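Asks: Sequence:
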Amino acid sequence: MRIAVGNDHAGYPLKDYIINLLKELNIEVIYFGSNSKSPVDFPDIAEKVCNAVRNKEAERGLMICGTGVGASIAANKFSGIRAAVAHDTYSAHQCVEHDDVNVLCIGAQIIGERLAKEIMATFLKSEFSTEEHFRRRVNKLREIELKTARELQNYIK
Numbered sequence: 001m002r003i004a005v006g007n008d009h010a011g012y013p014l015k016d017y018i019i020n021l022l023k024e025l026n027i028e029v030i031y032f033g034s035n036s037k038s039p040v041d042f043p044d045i046a047e048k049v050c051n052a053v054r055n056k057e058a059e060r061g062l063m064i065c066g067t068g069v070g071a072s073i074a075a076n077k078f079s080g081i082r083a084a085v086a087h088d089t090y091s092a093h094q095c096v097e098h099d100d101v102n103v104l105c106i107g108a109q110i111i112g113e114r115l116a117k118e119i120m121a122t123f124l125k126s127e128f129s130t131e132e133h134f135r136r137r138v139n140k141l142r143e144i145e146l147k148t149a150r151e152l153q154n155y156i157k
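The sequence shown: position 116 = 116 (our numbering), numbered continuously.
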């Protein structure tokens with residue numbers, strides 16, 4: 001598996017731990033992030049991570065910021081991306097199994113290394129359910145995304 005990882009300055013304290021963990025799990029990392037605590041804008045990092053996932057350069061993405069919330073908002077602006085904040089293992093597997101989430105967002109100011117390790121392991125081993133009702137719901141999300149894109153095009157005209 002290949003995963004795109006990005007972080008802003010608030011996610012910086014947790015990023016080395018996460019990247020090393022992924023490498024220990026034999027997961028290839030494509031890194032897009034801040035290498036310092038100097039302020040950067042998380043939407044710029046989210047764009048790089050999401051484009052790697054959308055372009056199939058990575059199977060999944062991970063965003064690390066202060067709370068995970070801003071990264072999730074930014075990531076969900078990109079067509080084809082379903083991002084979720086998960087600070088527990090239940091959410092980490094359910095967001096993939098039920099909602100086909102492909103970008104996980106975590107907050108370095110919220111969770112520590114041990115919990116991050118468990119969340120990552122859970123997220124990475126989870127797979128989208130084959131149950132029809134979950135597939136139907138994710139297809140409806142895609143339809144909303146397409147409708148919104150068409151509305152935007154009409155608005156621009």
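Wrong hints could be hidden among the right ones.
Listed below are the simulated DSSO-like cross-link pairs for lysine-lysine, each with C-alpha atoms no more than 30 Å apart in a straight line [claimed, not checked]:
1. LYS37 to LYS157
2. LYS77 to LYS157
3. LYS37 to LYS15
4. LYS147 to LYS157
5. LYS23 to LYS37
By construction, these hints were calculated from the structure, which means they are not laboratory data.
Because the structure is a prediction, the values reported are computed rather than measured.
Asks: Each hint: holds or not?
Replies: Here's how the hints hold up against the structure:
In summary, the hint linking LYS37 to LYS157 is not supported, as the alpha carbons are separated by about 42 Å, beyond the 30 Å threshold. Restraint check for LYS77 and LYS157: the C-alpha separation of about 21 Å stays at or below 30 Å, so the hint holds. Proximity of LYS37 to LYS15 is assessed by CA-CA distance (about 11 Å); at most 30 Å being required, the pair is judged to hold. Restraint check for LYS147 and LYS157: satisfied, since their Cα atoms lie roughly 16 Å apart, inside the 30 Å limit.
The suggested pairing of LYS23 with LYS37 holds, with an alpha-carbon distance near 23 Å, which does not exceed 30 Å.
The earlier numbered hint that this structure contradicts is number 1, and it is the only one.
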